[in-house]
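Chemist: Below are the chains, spelled out letter by letter.
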Amino acid sequence: MGSRSRKRVPGVMSLLLGAAGWLFLMPGLAGAQGIAQGPNYHYTKIYNYYNFNVISTTTGQPAQAFIWVFKTGSGNVPAGYMSGLAIMFKTHTPPIVCRMTTWQYNSTASAGLAVDAKPGCGAGPVYFSFGDSRAYNGSGYTTYGSYRSPSETS
Amino acid sequence: MRWQTVVAIPAVCLASVAALGLSIGLNSPTPRFAANHSAQTRSQTNHARGNHPASLSGSTVHYIPKVNSQGETYGSAAGDSPTQLPDLIEVSASNGAIGYITKAAFLGTTSQSGTSPTLQQVLNYPKNSAGNLAAPGRTVAVYTSNATTQIGTFTIGTPPASGSGG
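As given, the protein sequences belong to chains Z and H, one line each in that order. At position 93 of the first sequence (counting the first as 1) the number is 182 in the working numbering, and the numbers step up by one without a gap. At position 48 of the second sequence (counting the first as 1) the number is 50 in the working numbering, and the numbers step up by one without a gap.
For the record, the hints were derived by calculation from the structure and aren't laboratory data. Quick reminder that beta carbons are idealized off the backbone N, C-alpha and C, glycines included. Heads up, a few of these hints could be off.
To spell it out: a stretch of chain Z is covered by chain H in this simulated footprint if at least three of its residues, at any positions, have a beta carbon under 8 Å from a beta carbon of chain H; those stretches are [said to hold, decoys possible]:
| no. | region |
| --- | --- |
| 1 | 171 to 179 |
| 2 | 198 to 207 |
| 3 | 233 to 242 |
Turn these sequences into a full structure, and let the hints steer you where they fit.
Modeler: This is the structure in structure tokens:
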């Protein structure tokens, strides 16, 4: 079988540039945005990825929870290779699931995927985003965890 | 003298790399939707357990589930470990009620626990409004904590086209 290649992961600058680019590209993202404290890098035999959660809030509007999945390095991955499942939690003791998606996959060759749990669960409470991601490994999918986003008030 | 230096430097480097690898491994989050929940290879860290997270900066977060009269656990899915997923997961139902869905409903598993689709199946999924290939949505029952009384429904993803949309 192919050897496990550990491609170079992007540095902090490329991560920030990538995140900033997506923030500008994502429609409807205005107001407060909380991005997870750290991306989670994961490695398959074919491509390497990282994921992170984003919670986006605008005063008076329902919050939006995203999980973003990116391929590291240059180039794209084929359709269906990367996946995300977004879950929006309402901050509570303990936190409550208020919205979640099914697994969503990139439909075309792409370097990134955004999965959005919307509409939100009403304005007012505090929310955070905490999903999972998946990557095609050549024979099936491997699932990876993520770091939860900070909490934001909608 | 000189050979000691030659041996010591690589040894320190190796120890540093090993420590870094261990550190990354321990801090890496675990998926809740893993195909096989019993196959947890990462040892759990021994953080104090409680209903409040010990930290939000990547360390393991636990929420202690409660136990109902049937012996089932119920509580939050926000813990960092799939082994922490309770039997009944707290959700906000479509009608605003707070209740619980089963772990199987949450994970989307039926008879074959945790199986993921093939690439060919994924490529046949319909595109959603965001342009992603999306697994079919489902609407599941929301119960009280004893799992016997249904109090509402909860929609995961986009529900099937039949019936009222949401």
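Chemist: For each hint, tell me whether it holds in the structure or not.
Modeler: Structure-based check of all given hints:
{"no.": "1", "hint": "171 to 179", "result": "holds (count 5)"}
{"no.": "2", "hint": "198 to 207", "result": "holds (count 4)"}
{"no.": "3", "hint": "233 to 242", "result": "holds (count 6)"}
When the structure is compared with the earlier hints, no violation turns up for any of them.
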